[in-house]
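Construct all of the structure, not just a fragment, from the sequences and the given hints.
One-letter residues, chain by chain:
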Amino acid sequence: MSSCGNWFLKSLFDVLILPCGRSHISPVPFSLDQAAPPRTERMAVDQDWSSVYPTAASFKPASVPLPIRMGYPVKRGVPPSKEGNLELIKIPNFLHLTPPAIKKHCAALKDFCTEWPSALDSDEKCEQHFPIEVETVDYVSSGTSIRNPKARVVTLRVKLSNLNLDDHAKKKLIKLVGERYCQETDVLTITTDRCPLRRQNYDYGMHLLTVLYHESWKTEKWESEKSEEDMEEYIWENSQSQKNALDTLLRIKASENVSNVTKEELLASEVVKNYRNSVIALKNEGETESNISQYKESVKKLLNIQA
Amino acid sequence: SSQLPLSNFLPFLCSYEPETLYKRLSILVKGHDKAVLDSYEYFAVLAAKELGISVEKVDKPPKTIERFTLLKSVHIYKKHRVQYEMRTHYMCLELKYLTSSTAAVYLEYVQRNLPEGVAMEVKKTKIEKIPEHIQKPVWDTLPQVEETEVKS
Numbered sequence: 001m002s003s004c005g006n007w008f009l010k011s012l013f014d015v016l017i018l019p020c021g022r023s024h025i026s027p028v029p030f031s032l033d034q035a036a037p038p039r040t041e042r043m044a045v046d047q048d049w050s051s052v053y054p055t056a057a058s059f060k061p062a063s064v065p066l067p068i069r070m071g072y073p074v075k076r077g078v079p080p081s082k083e084g085n086l087e088l089i090k091i092p093n094f095l096h097l098t099p100p101a102i103k104k105h106c107a108a109l110k111d112f113c114t115e116w117p118s119a120l121d122s123d124e125k126c127e128q129h130f131p132i133e134v135e136t137v138d139y140v141s142s143g144t145s146i147r148n149p150k151a152r153v154v155t156l157r158v159k160l161s162n163l164n165l166d167d168h169a170k171k172k173l174i175k176l177v178g179e180r181y182c183q184e185t186d187v188l189t190i191t192t193d194r195c196p197l198r199r200q201n202y203d204y205g206m207h208l209l210t211v212l213y214h215e216s217w218k219t220e221k222w223e224s225e226k227s228e229e230d231m232e233e234y235i236w237e238n239s240q241s242q243k244n245a246l247d248t249l250l251r252i253k254a255s256e257n258v259s260n261v262t263k264e265e266l267l268a269s270e271v272v273k274n275y276r277n278s279v280i281a282l283k284n285e286g287e288t289e290s291n292i293s294q295y296k297e298s299v300k301k302l303l304n305i306q307a
Numbered sequence: 001s002s003q004l005p006l007s008n009f010l011p012f013l014c015s016y017e018p019e020t021l022y023k024r025l026s027i028l029v030k031g032h033d034k035a036v037l038d039s040y041e042y043f044a045v046l047a048a049k050e051l052g053i054s055v056e057k058v059d060k061p062p063k064t065i066e067r068f069t070l071l072k073s074v075h076i077y078k079k080h081r082v083q084y085e086m087r088t089h090y091m092c093l094e095l096k097y098l099t100s101s102t103a104a105v106y107l108e109y110v111q112r113n114l115p116e117g118v119a120m121e122v123k124k125t126k127i128e129k130i131p132e133h134i135q136k137p138v139w140d141t142l143p144q145v146e147e148t149e150v151k152s
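Protein sequence lines, in the order shown, are assigned to chains A and B.
With UniProt numbering applied, the first sequence covers 1 to 307.
With UniProt numbering applied, the second sequence covers 1 to 152.
Treat the hints with care, since some could be wrong.
[Claimed, not checked] Each computed BS3-like pair below joins lysine-lysine, with the alpha-carbon atoms no more than 27 Å apart:
#	chain 1	residue 1	chain 2	residue 2
1	A	K150	B	K30
2	A	K103	B	K34
3	B	K63	A	K125
4	A	K103	B	K60
5	A	K218	B	K34
6	A	K221	B	K136
7	B	K123	A	K150
8	B	K34	A	K150
9	A	K125	B	K49
10	B	K96	A	K150
11	A	K226	B	K136
[Stated by the list, open to error] Computed beta-carbon distance windows for the label pairs:
#	chain 1	residue 1	chain 2	residue 2	range
12	A	K301	B	T20	53 to 61 Å
13	A	T191	B	K78	44 to 52 Å
14	B	Y42	A	Y139	32 to 40 Å
15	B	T20	A	E289	44 to 52 Å
[As the list claims (entries may be wrong)] Calculated from the model, a selection of chain B residues having no Cβ within reach of chain A, i.e. all distances over 12 Å:
#	residue
16	L51
17	I65
18	F68
19	L70
20	L71
21	K72
22	S73
23	Y77
24	H80
25	M86
26	V118
Everything labelled a hint here was simulated from the structure, so no lab data went into it.
All values derive from a computational prediction rather than experimental measurement.
Virtual Cβ for every residue (Gly too), placed ideally from N, Cα, C.
Next up, the structure:
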């Protein structure tokens, strides 16, 4: 059978003589015994590489004119050459993304891009004109499904100083949101993921922000029952410290037999004001060197002690 | 090059969406092979530069290795185990100040050329104005509603 095949192949060099008498078929220029020389031998040095590898394709040793060797070498040998090298085929190659090809692609894509407004060249300006930040995450991976359940999470961030809030509204809002507000950066963060779609989560987040804003402007009847424990910062008026200070001063004045000085006069006096400021600073900002020395001075002036 | 830019025909070719602004685009790429990620980083940075997008920084967080130990044999031989590990390399690209069209173009280009076996997470930070309904409290404008007694 093989001898018959060899005879057939050899006869291809000659003109095929068919029974019907057609002899105009020209002889095949190559023989099927030997493979054609690889394309690399016919490649010019200055050819257009992006037409050899226009899209992502596996490594073809006959199309890449580089003497690449890859793989673990046998003992006292070299890494295997590129012909029939599975390691080179397995690894993703970037032959279709050479710098000239990237530049060509980007030149074609540039038409579809729009310019960033030149007025917003710093973060502060963006913050000033566009205070709300909406953060979403997209996931791309290979697998049986392109969906990722984490993609529906939406995070809204806004600085409270950019919202139109008065003092009471701001304090009420901070109390309403609790952990979602950061004191140092004055940023309210709302993370929503309770809806199945991202658009729904975004709408829910904006709805939450709207409701919080409007509710904080309302004053309920029971808010008047706000006690000293609920206060966010220390207020000196009507506090134990004020009562003690006034009490002490009144008793000092009584013992010196000075004519009755009223509470308002005492409150308006310089020494009491100093004492008030130092106590407020101590309570709100914590104990620092300057705070404590300021308190010491004010107490000395209040009680008229010359140390 | 075309006489008329393609952007002229965009309103007819695709649905119109209002142009939004992205303050930051953070692209995290994960893969098992560091060489592939390095090549991809070169490609992504060059593409960003060619499209006129400012690259804030390129961060390379350290790799994580997940290892687990299994029994070597199907039955008994508890003392002979085999260990496997999965190495995940990361590369984080941060881009600043993109419009939604530019972001869409860049992300589509970069995601279509994502190599096999590489995953990507894109964190987009969109900036918006405060909507109309949060500008002022609504209680002044609403008509006065008589407070009904809450029946407990």
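query = Quick check: which numbered hints come out false for this structure?
reply = Result: hints 3, 5, 14, 16, 26 break, sorted rising.
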